[in-house]
Amino acid sequence: MLNNDDKIRQAMLLGVGLDNKDGHKRITKGDNFYLAGGSEETHERMTETVIKFNEKLARKGKHLQELSREEFHDMMREAEGK
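Following this note's numbering, the numbering of the sequence shown begins with 8 at its first residue and continues without gaps.
By construction, these hints were calculated from the structure, which means they are not laboratory data.
All values derive from a computational prediction rather than experimental measurement.
Hints are not guaranteed to be accurate.
To be verified - Dumping the calculated DSBU-like pairs for lysine-lysine here, alpha-carbon to alpha-carbon at most 35 Å:
#1 Lys63 with Lys36
#2 Lys28 with Lys67
#3 Lys89 with Lys32
#4 Lys32 with Lys63
#5 Lys69 with Lys89
#6 Lys59 with Lys36
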């Protein structure tokens with residue numbers, strides 16, 4: 008049983024693409040992420056990025072909600088290839 012001092016942190020990556028012009032609805036869900044919209048190219052890039060991010064997360068043996076803000080930003084930049 009949880010009391011007020013015990014908080015369960017949850018985290019999820021959310022990607023929203025706004026450049027869709029073909030009317031196709033693209034939705035991809037996975038372990039700790041949800042991606043919606045975008046052109047085929049944008050949606051594919053978002054998908055590749057979150058997959059790489061999750062692979063890095065697994066190698067660290069951590070859950071998304073355990074990352075510090077700095078760790079998150081560093082890992083996301085690496086996953087994006089920047």
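Cross-check of the supplied hints:
1. Lys63 with Lys36: With Cα atoms ~18 Å apart, lysine 63 and lysine 36 stay inside 35 Å; holds.
2. Lys28 with Lys67: The hint is violated at about 38 Å.
3. Lys89 with Lys32: Cα-Cα ~28 Å, so holds.
4. Lys32 with Lys63: holds, 28 Å
5. Lys69 with Lys89: holds, 22 Å
6. Lys59 with Lys36: The hint holds at about 15 Å.
Of the numbered hints listed earlier, the single one contradicted by the structure is hint 2.
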